[in-house]
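Enquirer: Please model the complete structure; the sequences and the hints are all you need to start from.
Chains as they are written, first to last, in the UniProt record's numbering: chain A, 1 to 345; chain B, 1 to 345; chain C, 1 to 345; chain D, 1 to 345.
To be clear, the hints were calculated from the coordinates, so they are not data collected in a lab.
There could be a bad hint or two in this list.
Copies of the same chain look alike in the list, so a pair counts if it fits in one copy or across any two.
To be verified - Straight-line C-alpha distance at most 16 Å; calculated EDC-like pairs for lysine to aspartate or glutamate:
| # | residue 1 | residue 2 |
| --- | --- | --- |
| 1 | K37 | D48 |
| 2 | K19 | E335 |
| 3 | K19 | D48 |
| 4 | K86 | E56 |
| 5 | K340 | E49 |
4 protein chains.
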Amino acid sequence: MGVLGASGYGGAELLRLLKAHPGVELVGFSSRKYEGKPLSSAWPQLWDERPFIPQEEVLERAEVVFLALPNGLAMGIVPEVLKAGKRAIDLSGDFRLPPGVYEAWYGIPHKSPELYAEAVYGLPELHREELKGARLVANPGCYVTAATLALAPLAAEGVLKGAFVVGLSGVSGAGREGEGTFFAEVNENLKPYKAGGTHRHIPEMEQNLGRLLAQGRRARTHGEAKAVRLSFTPHLVPMTRGILITAEAEVEGGWDQEALNTLYRDFYAQEPFVRVVEGLPETKGTLGSNRVDLKPLYEERTGRVLVFAALDNLVKGMAGQAVQNFNLMMGFSEETALPKEGLWP
Amino acid sequence: MGVLGASGYGGAELLRLLKAHPGVELVGFSSRKYEGKPLSSAWPQLWDERPFIPQEEVLERAEVVFLALPNGLAMGIVPEVLKAGKRAIDLSGDFRLPPGVYEAWYGIPHKSPELYAEAVYGLPELHREELKGARLVANPGCYVTAATLALAPLAAEGVLKGAFVVGLSGVSGAGREGEGTFFAEVNENLKPYKAGGTHRHIPEMEQNLGRLLAQGRRARTHGEAKAVRLSFTPHLVPMTRGILITAEAEVEGGWDQEALNTLYRDFYAQEPFVRVVEGLPETKGTLGSNRVDLKPLYEERTGRVLVFAALDNLVKGMAGQAVQNFNLMMGFSEETALPKEGLWP
Amino acid sequence: MGVLGASGYGGAELLRLLKAHPGVELVGFSSRKYEGKPLSSAWPQLWDERPFIPQEEVLERAEVVFLALPNGLAMGIVPEVLKAGKRAIDLSGDFRLPPGVYEAWYGIPHKSPELYAEAVYGLPELHREELKGARLVANPGCYVTAATLALAPLAAEGVLKGAFVVGLSGVSGAGREGEGTFFAEVNENLKPYKAGGTHRHIPEMEQNLGRLLAQGRRARTHGEAKAVRLSFTPHLVPMTRGILITAEAEVEGGWDQEALNTLYRDFYAQEPFVRVVEGLPETKGTLGSNRVDLKPLYEERTGRVLVFAALDNLVKGMAGQAVQNFNLMMGFSEETALPKEGLWP
Amino acid sequence: MGVLGASGYGGAELLRLLKAHPGVELVGFSSRKYEGKPLSSAWPQLWDERPFIPQEEVLERAEVVFLALPNGLAMGIVPEVLKAGKRAIDLSGDFRLPPGVYEAWYGIPHKSPELYAEAVYGLPELHREELKGARLVANPGCYVTAATLALAPLAAEGVLKGAFVVGLSGVSGAGREGEGTFFAEVNENLKPYKAGGTHRHIPEMEQNLGRLLAQGRRARTHGEAKAVRLSFTPHLVPMTRGILITAEAEVEGGWDQEALNTLYRDFYAQEPFVRVVEGLPETKGTLGSNRVDLKPLYEERTGRVLVFAALDNLVKGMAGQAVQNFNLMMGFSEETALPKEGLWP
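Expert: As structure tokens, this is what we get:
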């Protein structure tokens, strides 16, 4: 097993989790910036003097490759991985959307559109069966994972008409040395960004919920989808990890708190990493864990349904989910090497 | 001029601003906890050895009294202030709502319901003329100020049908030693609270916007109001000062970005403390100032209007607004002692 | 195995670590405040509905008891634990100092002075052999662990004459809801406290270093100690976890950087949780791990030796060290259930 | 009056303070990056649409020029300012040290060594008389201001033998977009940097204290200095503004707390911006103000003197001090436009 892009935050979390995975050997990791240097030179938290090696060597040595690279790179690497009879888990957006939609929202010409049909969408709560034995997984990101899991029960039930989704994210979501993330201008500050329907995770949220609306609970990656219009407004919050989704959903039919509780508890009853909480979720409760905390709330004054979802954007929203997909793909127990409980405080 | 409740955050900001006010003398300030002790013992930022004095002495000495006390106390003090021919600016919720509504949402029996008719609602952007010469001002709080100013142009135009309002607040809004505001459990954390239509600032937001809908731009404090249903979901953000309102408004008629820009710029063209910004507001830009930064955004995908409003909850959302009201009430220039520009970083 | 005081931060970390310990069963945990309530009601990060049980039940069920209680309580409980043939790991200060010294610095009369001779001082790097099979362990705290490990090589070498030690700590060191740890007054703030030689960890640091000076590297818990005078000045830093010790040591003999490197690397060569780093330690690099990062630096201008030590105060400075001691005491591999690598960012 | 380098943090603070200065006109400000753009495009806190203009225009229009530029630039600009009969306040290091010392520590060849004799060192508490009417002021930075004021009374008394100085700084000291100051790697982190006697503010601290030792309280900028050896270890603290100096001084003679109190209170009795506090200083107490809070503490166990000094690094440690010097230079009241009290919380 190998990791490309091991000097980014997603890569670091993959290393942290995979190093504790029994029965898996980390055969190599790459980073253009740190090539030849020891792991500890890139990451103060790791006590490991093995060097970053060239990407080609990782590809040669590994049977499964995690690609934690910027958008647009995996599409050039995955074809050779699959051709060599190996498997790939892509943490970027390259294989999450139909190539035409991808090109429209990401502004990047797609180099391997033929592989989209092969890619399984890596949200285990919705696509567990398809993931078993998959060769290529398109691992979703933090906002989409949280928003999809928040609204999935309503969509699968066929009652979701639309939603106003507010995303609140810590700065690690912008990556290492992310633009506009200097401490002096982030701490004690709070701001919306990419508001007004311009964030490129919108079509992915709509695709996920639209499939559930069209196909119900057993929706498949490449199946039919109904149209669903979401408003999505992300904000940058002065914290490092954690995202919270606050969604106001317009729903059909008559609902009350008890019916919502039952819907959500039943929907997620067998899920190892989704908890429907009594109170209201808080991001810190998921720190370092692969857990999502969810809460639906019926708002009598407006007849709308509020749903809150909290997760650690680098774990369930990124590397942890990739490991969960890896476990399913390779036949390991799904929970292997994935903490359900986090650090506090 | 005197301050009751000078050992809370609102009191501290009042002292900071009023000490720099030319032509006003701070004749006394009280706090049960610090009575007899010097100001510097309560506040490390103040270099002032004058002692806190008993409340009665402040009331005796001052011609205008600022009441920065917990809800339910001002209603017992204001009658004697007015009887003595003096004036009062109340920073609590006691005189903001009709007594019956107040009792229903605050759970406190009202001791001076007859004074509600006398109280002018202290939002200068909407009630400037009434504030001139007022004897009793009901100074609104941070969430209500921000949400009202965010949606007022749409309401005064008569097109506001409803809104999903998300409130994001730093912890100083909970007061000094506020419950659940320990650093170890707030830093790197984010959580909703009082969700589902239970926050007591909701009726006040609805009252303000309902009056504008019914009466238009020249709405008066005690005039008629139309019903408007808001959803309001507050969140605690790991920062000390600053609030951001993110609202999604449902509006009548056909709008686009340019029409919105014109509406908002015209509405606030003469306001000394409201700025309609080009980009998106951020809370830190208002730190320590009495300014509100606003931005309306037309969202084509949904046909809704997003509005963002940022302000410093202890200044424009509390003490600064009280000083602005004081200036109007006493005939000072409205901008006296009130910075429009803040600290950065 | 059971935990007393499971609703404090030390208790929470013990639960996190022990739940992942293979071959150990957590048979009960207590907290006066949460008795009868599920674990998840006290801790948002834990997904565990088992209830807190009365202290007596924990003592009855457990073969090894971790006491994460305020100072002064363990001394009343440990006698019965030992009498019942069980073992105890005390995370408080009760058994770290000779009873007379304890009473002088803690202002608490000692109820079980006779047990001091039995207690092994729980710093594995200095007392590994004594800890194997110990019945009672006095687990040291964060400042003392860091300061002792920072200066131990110089003391064991016999060259340490004295040191100016500056301690910098996140607020979790003050415990849950610790006095003066409200977010609004901690964030963007930094302050010294208990300065001028009044902090009660001073005699413990002097005892540890004095024993090394007198007995050398193989110092034993109750052996002879030489006098060494330290200045210790703690500070509260606006962060949750992590402490850094910055010490300026006055040393005998001629030193240079290379000699220091050799001394420190040799001293800690076999230690599983102590890393001598190339650059300068930073606290975040140890987050959630049981690792200490150390760096000695020879300062030519003054002829002094600077030493920096960083650790996670709740892990190596508290619960992780307790688990390390437990492993030694019970014959488990010392590293069991203890991460050497932390979370980043 | 004009400002060069108005898009850095020092520049922003200068604008904030000078815009509120009565009787001074801000005739222009420059920034290469923002030239031609409005002030509000660089600074969200400022409501000012005047454009940044070319540096030459500022120099032409202004009678007094504040230079808030990186080290090495002022030395090329100041000669023409002075030649034109104008005055300069330089916030960089260019004129603080004898040119040879400067070159050795800064690694920059000095272009105007002849002007060093002309420059008055801009610490009003030590050089007030020289500053009146000065043509060129070398404005000291945050660490040096705090460390010098902390130890000045001991040096002027002739008893200071040496000191171990620990500096703790918020990240704004590293400037806008300072290296290594990304939120995700600064928050919840704490680290030393440039340790071991390599920080270039060391010779400046030694020069200031050495002059006081040699000349006593009335020391002059270019007078004789005695050698004094300091150890200085700076740390980066996860906060934006504020620095704290914690110094352990070795002193001659017999001291106790009362004698120290008297020494410090007398030394600073007439100073408008220096407060000797009862308790221990905290950085947040100075936020946004030009005040320094100081505390000497006699440590009986070691016979050493601890001194703590807290200030806002961008005000008294930078722009506020520059305005204080400007006031002295131009004959304004020294306190004009300079708050002594800050924001809290």
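Enquirer: All hints are to be evaluated individually against the structure, with a verdict given for each.
Expert: Status of the hints after comparison with the structure:
In this assembly of identical chains, K37 and D48 lie within 16 Å of each other by CA distance solely inside one copy; the values are 11 Å within and 42 Å between copies. In this assembly of identical chains, the alpha carbons of K19 and E335 lie at most 16 Å apart whether taken from the same copy (15 Å) or from different copies (15 Å). Taking the closest pair of Cα atoms, K19 and D48 come within 16 Å of each other only inside a single copy of the chain (11 Å); across copies the shortest separation is 26 Å, beyond that limit. Taking the closest pair of Cα atoms, K86 and E56 come within 16 Å of each other only inside a single copy of the chain (14 Å); across copies the shortest separation is 57 Å, beyond that limit.
Taking identical chains as interchangeable, the C-alpha atoms of K340 and E49 lie at most 16 Å apart only when they sit on different chains, with a minimum of 14 Å there against 29 Å within one chain.
Consistency note: the structure conflicts with none of the earlier hints.
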